[in-house]
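Trainee: Here the protein sequences line up with chains A and B, keeping their order. Going by our numbering, the first sequence opens with residue 67, and the numbers climb by one from there. Going by our numbering, the second sequence opens with residue 112, and the numbers climb by one from there.
Be aware that a few hints might be false.
[What the hints assert, rightly or not] No farther apart than 25 Å at their CA atoms in a straight line, the calculated lysine to any residue pairs in the SDA-like style are these:
(1) B:K333 x B:G363
(2) A:K160 x B:D302
(3) B:K333 x A:Y164
(4) A:K160 x B:Y260
(5) B:K422 x B:Y377
(6) B:K422 x A:T110
(7) B:K457 x B:A529
(8) B:K422 x B:E509
(9) A:K86 x B:R530
(10) A:K160 x A:E69
(11) B:K506 x B:P183
(12) B:K422 x A:Y164
(13) A:K160 x B:R536
(14) A:K185 x A:P123
(15) A:K86 x A:P123
(16) A:K86 x B:R415
(17) A:K160 x A:Y129
(18) A:K86 x B:V391
(19) B:K333 x A:D98
(20) B:K333 x A:P132
(21) A:K160 x A:A111
(22) A:K160 x B:R534
[Unchecked claim] Residues of chain A placed beyond 12 Å of chain B at every Cβ, according to the derived structure:
(23) E69
(24) T70
(25) T72
(26) R89
(27) P103
(28) Q108
(29) A135
(30) A136
(31) G148
(32) E172
(33) V173
(34) A176
(35) L178
(36) A179
(37) A180
[To be verified] Not close to chain A: a few residues of chain B, all C-beta gaps over 12 Å, as computed:
(38) I140
(39) P145
(40) G154
Worth flagging that the hints you see were computed from the coordinates, not collected in a lab. The beta-carbon is built from N, C-alpha and C at its ideal position, and this holds for glycine as well.
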Amino acid sequence: MSETMTVRLHELAHGRAGDKGDRLNVSVIAFDAADYPLLEAQVTAERVAALFDDRRPGRIVRYALPRIAAFNFVLDGVLEGGVNRSLNLDSHGKTLSYRILDLPIEVPAARLAAIRQGKESKGET
Amino acid sequence: MTDSFLIGCGAGFSGDRTDVAEPLVEALIADGRPSALFFETLGERTLAFAQIRRSDDPETGCEPLLEEILAPVLGRCLAAGIPIVGNFGAANPGAAARLIARLALAAGQPEARIATVTGDEVSGLAGDLSALGLDDRLEGARRLAANAYLGARPIAEALGRGAQVVVTGRCADPALALGPLVHHFGWSWEDWDRIAAGTLVGHLLECGSQVTGGYFADPGRKEVPGLERLGFPIAEVAADGSAVITKPAGTGGLVSPATVKEQLLYEIHDPAAYLTPDVVLDVTGVEVAQVGPDRVAVAGARGRPRPETLKVTVSVDGGWIGEGEISYAGPNAEARARLALEVLRKRCSGIARLRGDLIGVGSVFGDEGGRFLEGRRGTTEDLRVRIAVEDSERKAVERALREVEALLCCGPAAGGGARSAIRRRVNTWSALAPREPIEAAVEVSVRTADDPAGAAPAEASHV
């Protein structure tokens, strides 16, 4: 049994939110393709749906893009009518990529150490 | 790349930086290969507000910053043979073309050929909106505009007739790049993989700096040098549609596989079926690779035949929105701020819609029903209460905003910095419409700068 540690998705992946009407999309892209299976197992449509439970979302779909080690989440009905109808300060939902990047992820301790060490030695992505 | 074409993007939205096109044009000229420059300045609601301005003054309704955007580069582009394409015509391509003609004359280029693409405004055609299936949403609402997303064909047609500047209203953003690419390479409109590749280039570039390090920086995790002097993107496109994304030398920003991937998926839904007027784009086979400093190769787009329908966005009067804010800080700030919000809700019970936020505890992540905020306690003692209200009556919104101001005396202790603002609201709804009747009315018109008003008959044609 290898030990695991909990980190925020922000440590393993980056992403961007986009809006069209009342539909939000958020990409989740692994910094390192080696972590793609970890994301595949843990960043599920169900867990993302739970994050947006307050907004009573409609359909939520996860599309896989293994060639670029990424997922695209499409969330219907979470933008309170969309940019022209929403009363949210962020009516586009542009900040919401970081809502998903807040998701807790279980990472094998050895892998996490390698990621953190790699970051220090390489500087950045 | 023996036969390649360069395309740069000088704006990603209305309100983008206006000093970014000059380095792009210098880079395109220095490179020497054939090239074009495009500007994307039309968001989902920009057009509706432009329609309102035009109804007040017939010579307005195009991009308000058009002169500031184009004046620094127009003369050099005309002289160097770099065509410019932009949807900066917004609700009034004719007015934009007349302004550009004046700029061309001022630059000593009376022979400059300026084209307009019109026909995206489909209010007349879509008079029977029942065909769009939006009846329930549009019922009782005052309609302001209905615009179809046109494709790249009219743009390529204009360039084929010698246009040096092409002004469009609503069109699909990637079409602004695809038009010049098809014109240059002579791709068949049914060569779906090529059309898909050109559409992908347009998609990657259409938000300007969002592919060159803009909207990407996250200190400690995603570093971007020189965010204050970002270079805007250039795609070096090969005849097979594969491309290298880069930016002008000496500018800030970053082009990396990560910046390209973020933009690749931006505003995409099903990555195997991104619907555009020209092609159904599949990006699931796309690969990106760093091939040099600030140079990323992109290949693998696939295409399927274009949809039978075009997207039409209908804009209707959305009444009024008001926003009011007031701050609380120090001991017990959150309790005082929450009490202020409760008082505002009670005082504004007659308004059509009200949302309350506690900036510092929960705001942009929160839902309109307040469920997110209910379940949270903040960690800061410097908070700002915000309400947003909506109503069809301006007076009702004004009354609600006065309640924010009134908290200065009647609210919890030590509220300060009350501010409020009110603005008109436009709602938009989208639907799919059959393309034939819309495309039959699309018109491409080319005139020279010294004849902008059309003393000579315009060389107009339908596409």
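Trainee: Each hint: holds or not?
Mentor: Taking the hints in turn, this is what the structure says about them:
At most 25 Å may separate the alpha-carbon atoms for a hinted pair to count; K333 of chain B and G363 of chain B meet this at roughly 14 Å. Annotation: proposed proximity of K160 of chain A to D302 of chain B is violated, straight-line Cα distance about 35 Å (limit 25 Å). Taken as a hint, the K333 of chain B and Y164 of chain A pair is honoured in the structure, with Cα atoms around 14 Å apart against an allowance of 25 Å. Straight-line distance between C-alpha atoms of K160 of chain A and Y260 of chain B comes to about 23 Å, which keeps the hinted pair within the 25 Å bound.
A hinted pair counts as satisfied when its Cα atoms are at most 25 Å apart, and K422 of chain B with Y377 of chain B qualifies at roughly 18 Å. Simply put, K422 of chain B and T110 of chain A have alpha-carbon atoms about 31 Å apart, too far for the 25 Å limit, and the pair is violated. Taken as a hint, the K457 of chain B and A529 of chain B pair is honoured in the structure, with Cα atoms around 18 Å apart against an allowance of 25 Å. Between K422 of chain B and E509 of chain B the CA atoms are separated by roughly 36 Å; this puts the pair beyond 25 Å, and the hint is violated.
Taken as a hint, the K86 of chain A and R530 of chain B pair is broken in the structure, with Cα atoms around 30 Å apart against an allowance of 25 Å. For a cut-off of 25 Å, the pair hint linking K160 of chain A to E69 of chain A is broken: about 36 Å separates their Cα positions. At roughly 44 Å between alpha-carbon atoms, K506 of chain B and P183 of chain B are farther apart than 25 Å, so this suggested pair is violated. Straight-line distance between C-alpha atoms of K422 of chain B and Y164 of chain A comes to about 30 Å, which puts the hinted pair past the 25 Å bound.
With a C-alpha separation of about 20 Å, the suggested pairing of K160 of chain A with R536 of chain B holds against the 25 Å cut-off. The hinted pair formed by K185 of chain A and P123 of chain A fails the criterion: a straight-line CA distance of about 36 Å is larger than 25 Å. The suggested pairing of K86 of chain A with P123 of chain A holds, with an alpha-carbon distance near 15 Å, which does not exceed 25 Å. Between the alpha carbons of K86 of chain A and R415 of chain B the distance comes to roughly 22 Å, so the proposed pair stays at or under 25 Å and holds.
Proximity of K160 of chain A to Y129 of chain A is assessed by CA-CA distance (about 20 Å); at most 25 Å being required, the pair is judged to hold. Using a Cα cut-off of 25 Å, the hinted pair K86 of chain A and V391 of chain B holds, with the two alpha carbons roughly 17 Å apart. Among the hinted pairs, K333 of chain B with D98 of chain A is consistent with the structure: their alpha-carbon atoms are about 13 Å apart, no more than 25 Å. A C-alpha spacing of about 21 Å is found between K333 of chain B and P132 of chain A, which places the hinted pair at or below 25 Å, so the restraint holds.
A C-alpha spacing of about 19 Å is found between K160 of chain A and A111 of chain A, which places the hinted pair at or below 25 Å, so the restraint holds. For the suggested pair K160 of chain A and R534 of chain B, the alpha carbons sit about 21 Å apart, so the restraint of at most 25 Å is met. For E69 of chain A, the shortest C-beta to C-beta distance to chain B comes to about 24 Å, beyond the 12 Å cut-off, and the non-interface label holds. No Cβ of chain B comes within 12 Å of the Cβ of T70 of chain A; the nearest lies about 21 Å off, and the non-interface call holds.
Interface exclusion of T72 of chain A from chain B stands, the closest Cβ pair being 18 Å apart, more than 12 Å. Residue placement check: R89 of chain A does not keep its beta carbon more than 12 Å from all beta carbons of chain B (closest about 7 Å). Every CB of chain B lies more than 12 Å from the CB of P103 of chain A, the least distance being 18 Å, so the non-interface label holds. In this structure Q108 of chain A is separated from chain B by more than 12 Å, as the shortest Cβ-Cβ distance comes to about 19 Å.
Not every beta carbon of chain B lies more than 12 Å from that of A135 of chain A, the smallest distance being close to 8 Å; the non-interface claim is violated. Distance check for A136 of chain A against chain B: the nearest CB is about 6 Å away, which does not clear 12 Å, and the non-interface claim fails. Not every CB of chain B lies more than 12 Å from the CB of G148 of chain A, the least distance being 8 Å, so the non-interface label is violated. Listed as a non-interface residue, E172 of chain A keeps its Cβ farther than 12 Å from every Cβ of chain B; the least gap is roughly 20 Å.
Separation of V173 of chain A from chain B is adequate, the least Cβ-Cβ distance of about 16 Å exceeding the 12 Å criterion. With 12 Å as the threshold on Cβ separation, the claim that A176 of chain A sits away from chain B holds: the shortest Cβ distance comes to roughly 21 Å. The claim that L178 of chain A lies off the interface holds: its Cβ sits roughly 15 Å from the closest Cβ of chain B, which is beyond the 12 Å cut-off. Every Cβ of chain B is farther than 12 Å from the Cβ of A179 of chain A; the closest lies at roughly 17 Å, confirming the non-interface assignment.
No Cβ of chain B comes within 12 Å of the Cβ of A180 of chain A; the nearest lies about 17 Å off, and the non-interface call holds. Non-interface status of I140 of chain B relative to chain A is upheld: no Cβ of that chain comes within 12 Å, the nearest being about 32 Å off. Look at P145 of chain B: its CB is around 30 Å from the nearest CB on chain A, clear of 12 Å, so calling it non-interface holds up. Annotated as non-interface, G154 of chain B brings its C-beta within 12 Å of a C-beta of chain A; the closest such distance is 8 Å.
In this structure, the hints that do not hold are numbers 2, 6, 8, 9, 10, 11, 12, 14, 26, 29, 30, 31 and 40, in rising order.
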